[in-house]
Amino acid sequence: MGELAGNKHVEYILSVERRKDDFHSVLMEHLRMNGAYWGLATLDLLGKLDAVDSEDVVSWIMKCQHESGGFGGNIGHDPHVHYTLSAVQVLALFDKLDVLDINKVTGYVASLQKEDGSFSGDTWGEVDTRFSYIAICCLSILKRLDSMDVEKAVKYIVSCKNMDGGFGCTPGGESHAGQILCCVGALAITGSLHHIDKDLLGWWLCERQVKSGGLNGRPEKLPDVCYSWWVLSSLIMIDRAHWIDKEKLIKFILDSQDTENGGISDRPDDAVDVYHTYFGVAGLSLLEYPGVKAIDPAYALPVNVVERIFFGRCST
Amino acid sequence: MASSGEDRRAWVPLGSLPEFADVTPLPQDDGPSPVVAIAYRDEFRETMDYFRSLYSSRELSPRSLLITTLAISFNPANYTVWQFRRQVLEALDADLTDELDFTERVAKGNAKNYQLWHHRRWVAEKLGSDAAYRELEFTRKIFYLDAKNYHAWSHRQWVLQALGGWENELDYCVQLLEEDVLNNSAWNQRYFVVTKSPLLGGLKAVRDSEVDYAIEAINMNPQNESPWRYLRGLYNDENDAWLNDSRVPSACLRVLKAKRNFKFALSTLLDLLCLGFKPNQEIRDAITSLRTPDSGEVGSDSDLAKSICSILGHEDPMRANYWTWRSSKLPQAAEV
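Residue numbers (my numbering), protein chains in the order written: chain A, 169 to 484; chain B, 1497 to 1832.
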């Protein structure tokens, strides 16, 4: 089996090619906040966060904050809870959460909770269990879970549980590994994992592993490196990670690397991108691959960062 | 307005158009050396410069609507543009049926775009239950190209519950499953219909025929995960009813006798045994014939269950740890 080309991935992230005809790069402007999180979290996991000037990034992040307290995907963009979480996560990576007016951010996130406990992503009201997770994760990092109705939030998430043990985006929505991670993560953070049938869900999740060793997100779909994160972090949070074949998954991720130019793609031989590079490295972290820092499955941040947030100490 | 592609076919610099004469374009502030570097094409840059200008002055006018159309044609994932478009549409009190046409054009090639589906839902909600039929048709078109599109299924479920249109939904599931019996989304939708449709009388009313339907699918493709889960879901919390439906172990037996693709048949029997199911001799024999050298004797029911776990550990080595764990968790039932 190959090896993790860590340095190549660091280079890839630090200098994404400036190709004028690469239309794909054009599409990143509005979600630069997410891209910053994927890129910087990967650098931190590979021990190279100091390759980036934190002052520059922090000051750019703060320019993305809206008067409502929420953050947009870039300067001048409307706020959304997804970019707000990414902003908070990046600040946590740099240990700069203290630049925030906590009340302001908290107020924005908490305001997105609806009567039935669900969360919308922004003031336009789209509801999805992804936003429940995002809100809970964000408020937890800020140590302000008290500002939302946790009981109702949990109740809504549980209402999205399906008969196969999984979770969908809304009640009745098809079980999907991404939605499952959001629901399991939210329940983990709020101390509510007892609502999950861990055996049933664990089996559904381990059935995502296909012959090639990769993981898919739903029955009869293709494997994708990003599910190394969604499926595996869910399994870890419910203590069932040993139900997949870890060696085969490691091989699948490593085979999806571009070892010459850096970056990881969704599956072997496809084009790389920052998103899959992050999820591939994060997946390898969960698989305890040497040379990659440990990552927390619920917060999607390095374990030392999470410890620093909650216990104020730094372990490397 | 023409379709998205045609919007840009013969590009005329916006600065030379009379209707934009009084607008000062605002460039993007990209911040420091970007972690995610961006390459712009000139037309896109010009469009976004004009967008920023109109957006920052909060101008809610027809030319603003035009700018959002152009911006979306370049980048349909820019959620700020979509949000501004909604504000413009509201301010202009626009005819939202045109908006349905617009989103359908954008959907071509962007069927997995979150912003598109969110916008479509906003439009449909405003149009109300009159829109139900068209929304069901729209998702049907999407499914024709990708029958598992998660956004489209989420939208369709919302339409049924918010706007109605349940009449033909079960038939539609039948059709999709005829086209691809492995389509897990269609199985999920079927479960959604039988449990939530106001027209079918609830799960218990249709359970009998649904069990037959699931078993028929199992007979065709025993390795298909979906109908097995569907079958179990029909009995959900009702273990007694599940245990007493003899069609289930019969279906398992049929698969075992074929000696191929028997993983889910065995795991279903395993689940039944753990709930106290008493297998007949025919089932015992069928399991025995699948034994691998180290499966052990199949005397009591708990031996039978252990044997199943052992067989599955060989049959499904990727999940060997799961089957070992199942073996370790078997109820210590005292068998007569």
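Incorrect hints may appear among the rest.
[Said to hold, decoys possible] Between beta-carbon pairs, the in silico distance windows are:
#1 Asn175(A) with Arg1780(B): 26 to 34 Å
#2 Pro458(A) with Ala1816(B): 23 to 31 Å
#3 Gln1671(B) with Asn175(A): 50 to 58 Å
#4 Lys1753(B) with Glu456(A): 27 to 35 Å
#5 Glu1734(B) with Asn175(A): 43 to 51 Å
#6 Asp1676(B) with Leu368(A): 24 to 32 Å
#7 Asp1708(B) with Lys323(A): 29 to 37 Å
#8 Asp1594(B) with Gly293(A): 21 to 29 Å
[To be verified] Non-contacting residues of chain B with respect to chain A, defined by C-beta distances greater than 10 Å in every case (computed):
#9 Gly1511
#10 Thr1520
#11 Met1544
#12 Ser1557
#13 Ala1573
#14 Glu1600
#15 Lys1604
#16 Lys1637
#17 Tyr1640
#18 Trp1649
#19 Ala1713
#20 Ser1742
#21 Met1814
#22 Ala1816
What the hints contain is simulated information worked out from the structure, not anything from laboratory work.
Because the structure is a prediction, the values reported are computed rather than measured.
For every residue, glycine included, the Cβ atom is placed at its ideal position computed from N, Cα and C.
Indices of hints not satisfied (ascending): 1, 4, 5, 11, 13, 18, 21 and 22
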